[in-house]
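**Student:** Given next are the chains, with one letter for each unit.
2 protein chains.
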Amino acid sequence: MPSSEFVKEHFVARVVVDVMLKPEILDPQGKAVHGALPRLGFDGVRDVRQGKRFELELDGDVTEDRLAQVRRVAETLLSNPVIEDYAVRVEQP
Amino acid sequence: MPSSEFVKEHFVARVVVDVMLKPEILDPQGKAVHGALPRLGFDGVRDVRQGKRFELELDGDVTEDRLAQVRRVAETLLSNPVIEDYAVRVEQP
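These protein sequence lines map, in sequence, to chains A and B.
Position one of the first sequence corresponds to residue 115 (this note's numbering), numbered consecutively onward.
Position one of the second sequence corresponds to residue 115 (this note's numbering), numbered consecutively onward.
Please keep in mind that the hints were generated in silico from the structure rather than gathered at the bench.
Among these hints, one or two may not hold up.
It does not matter which identical chain is used: a pair holds within one copy or between any two.
Claimed, not checked - EDC-like, lysine to aspartate or glutamate: derived pairs with alpha carbons at most 16 Å apart:
| no. | residue 1 | residue 2 |
| --- | --- | --- |
| 1 | Lys145 | Glu169 |
| 2 | Lys136 | Glu189 |
| 3 | Lys145 | Asp175 |
| 4 | Lys145 | Glu171 |
| 5 | Lys166 | Asp199 |
| 6 | Lys136 | Asp161 |
| 7 | Lys136 | Glu169 |
| 8 | Lys166 | Glu198 |
| 9 | Lys136 | Asp179 |
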């Protein structure tokens, strides 16, 4: 979307939190998907991992402070830090 | 990551498929997360949606052809098109 001279929506911001099992943790859901791929005629897939994606719609601007809060939420509520990694990013609407 | 003069890993490519419930479909998991946020002292969140994220590691290059295959997989195996939307994108390692 090159021409973004449109209305800049500063009222709602979307923050995405991706939660994936750590690489060393077995992922049976991903394995099940991986095993089903050849049946669909889809070869050449080395691995599949399945995780969770959370979309948070925040009122107002995304400040460093609020991102720090989202990271705290990701760590305590959205993921289990013992077995999962998370990534937080702001998504342009 | 501005300086990407490193080794270009053309052997494994990662394709990410995000699957989210359509906006008009109720999302009880997202609602549960949303309801828990004030307990963590995190206000100002208008909505939370929870979905799935799949990471597919493909051998070799990602061609248009293979992306079309991934879209077919996303439509038939990874999502339920009646209630879910999916998005496919190539992720730089």
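**Student:** Indicate, hint by hint, whether the structure satisfies it.
**Tutor:** Structure-based check of all given hints:
When the C-alpha separation of Lys145 and Glu169 is checked against a cutoff of 16 Å, the pair qualifies only between copies, where the shortest distance is 11 Å, while the shortest distance within a copy is 25 Å. For the homomeric pair Lys136 and Glu189, the shortest alpha-carbon distance inside one copy (14 Å) is at most 16 Å, but the shortest distance between copies (26 Å) is not. Taking the shortest Cα distances, Lys145 and Asp175 never come within 16 Å of each other, neither inside one copy (39 Å) nor across copies (22 Å). When the C-alpha separation of Lys145 and Glu171 is checked against a cutoff of 16 Å, the pair qualifies only between copies, where the shortest distance is 12 Å, while the shortest distance within a copy is 32 Å.
Taking the shortest Cα distances, Lys166 and Asp199 sit within 16 Å of each other both inside one copy (11 Å) and across copies (15 Å). For the identical chains of this complex, Lys136 and Asp161 are intra-copy neighbours only, at 14 Å inside a copy versus 27 Å across copies, given an alpha-carbon limit of 16 Å. For the homomeric pair Lys136 and Glu169, the shortest alpha-carbon distance between copies (13 Å) is at most 16 Å, but the shortest distance inside one copy (21 Å) is not. In this homomeric assembly, Lys166 and Glu198 come within 16 Å of each other (Cα to Cα) both inside a single copy, at 10 Å, and across copies, at 14 Å.
In this assembly of identical chains, the alpha carbons of Lys136 and Asp179 never lie at most 16 Å apart, being 27 Å within a copy and 30 Å across copies at closest.
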